[in-house]
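**Q** Sequence:
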Amino acid sequence: METLKEIFTHLEFLGYEIKDGSNDDGGSKYYLALHPNLNNQLILEVRPNFITFLGRSTSSKPISIEMIKYINTANVSMFISNAYYEKSEEDKTIITFKATYIGNYSKQLFGQFCNFLEEDQHIFKSLEHFDELFVN
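Per the numbering used here, the very first residue in the sequence shown carries number 20; after that it's consecutive.
If you are wondering where the hints come from, they were derived from the structure by calculation, not from laboratory data.
Ideal Cβ positions, reconstructed from N, Cα and C, are used throughout, including at glycine.
Be careful, since some hints might not be right.
[Unchecked claim] Quick list of in silico lysine-lysine cross-link-like pairs, BS3-like style, CA-CA up to 30 Å: (1) K88 / K38; (2) K126 / K38; (3) K126 / K88.
[Claimed, not checked] Computed Cβ-Cβ distance ranges for the label pairs, DEER-style: (4) F149 / H54: 18 to 26 Å; (5) K88 / E109: 19 to 27 Å; (6) K48 / E147: 36 to 44 Å; (7) P67 / K126: 27 to 35 Å; (8) K106 / K144: 15 to 23 Å; (9) K111 / H54: 17 to 25 Å; (10) F27 / V154: 27 to 35 Å; (11) E21 / P81: 30 to 38 Å; (12) K48 / G122: 16 to 24 Å.
The whole structure should be built from the sequences, with the hints applied where relevant.
**A** Take a look at the structure:
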């Protein structure tokens with residue numbers, strides 16, 4: 020939990036608000052990192068010093084083979100994240116970005132992790148045909 024607390028302090032310094040999103044039903048603990056200008060993150064402490072960050076984006080367009088090819092191309096270009104898609108009940112396309120921070124907290128390393136996380140989402144949105152494939 021110590022690493023997680025230090026990560027929360029770092030994220031709060033960057034302007035994130037941390038909220039406990041867990042239920043009292045004994046299920047998995049997760050947290051929300053909310054930011055007015057940067058991408059919000061869902062944070063899961065899978066194990067001590069093994070912390071997964073998830074970000075999501077939704078398109079009202081249904082999934083297509085072109086979208087799948089785009090996601091695969093983006094995955095090759097991104098630094099630390101993997102992107103994958105899901106189809107919602109309303110036939111919308113949900114893109115999830117997943118990256119895992121492993122190890123003890125280090126201000127320098129976690130700072131790089133945060134930079135790469137934001138850069139990956141920028142890379143995803145900057146490849147050719149993003150707007151025509153995903154923007155409503």
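**Q** Against each hint, give a clear statement of whether it holds in the structure.
**A** Going through the hints against the structure:
{"no.": "1", "hint": "K88 / K38", "result": "violated, 35 Å"}
{"no.": "2", "hint": "K126 / K38", "result": "holds, 21 Å"}
{"no.": "3", "hint": "K126 / K88", "result": "violated, 36 Å"}
{"no.": "4", "hint": "F149 / H54: 18 to 26 Å", "result": "holds, 22 Å"}
{"no.": "5", "hint": "K88 / E109: 19 to 27 Å", "result": "holds, 23 Å"}
{"no.": "6", "hint": "K48 / E147: 36 to 44 Å", "result": "holds, 40 Å"}
{"no.": "7", "hint": "P67 / K126: 27 to 35 Å", "result": "violated, 19 Å"}
{"no.": "8", "hint": "K106 / K144: 15 to 23 Å", "result": "holds, 20 Å"}
{"no.": "9", "hint": "K111 / H54: 17 to 25 Å", "result": "holds, 23 Å"}
{"no.": "10", "hint": "F27 / V154: 27 to 35 Å", "result": "holds, 33 Å"}
{"no.": "11", "hint": "E21 / P81: 30 to 38 Å", "result": "violated, 44 Å"}
{"no.": "12", "hint": "K48 / G122: 16 to 24 Å", "result": "holds, 19 Å"}
Hint compliance for this structure: hints 1, 3, 7, 11 are not met, and every other hint is.
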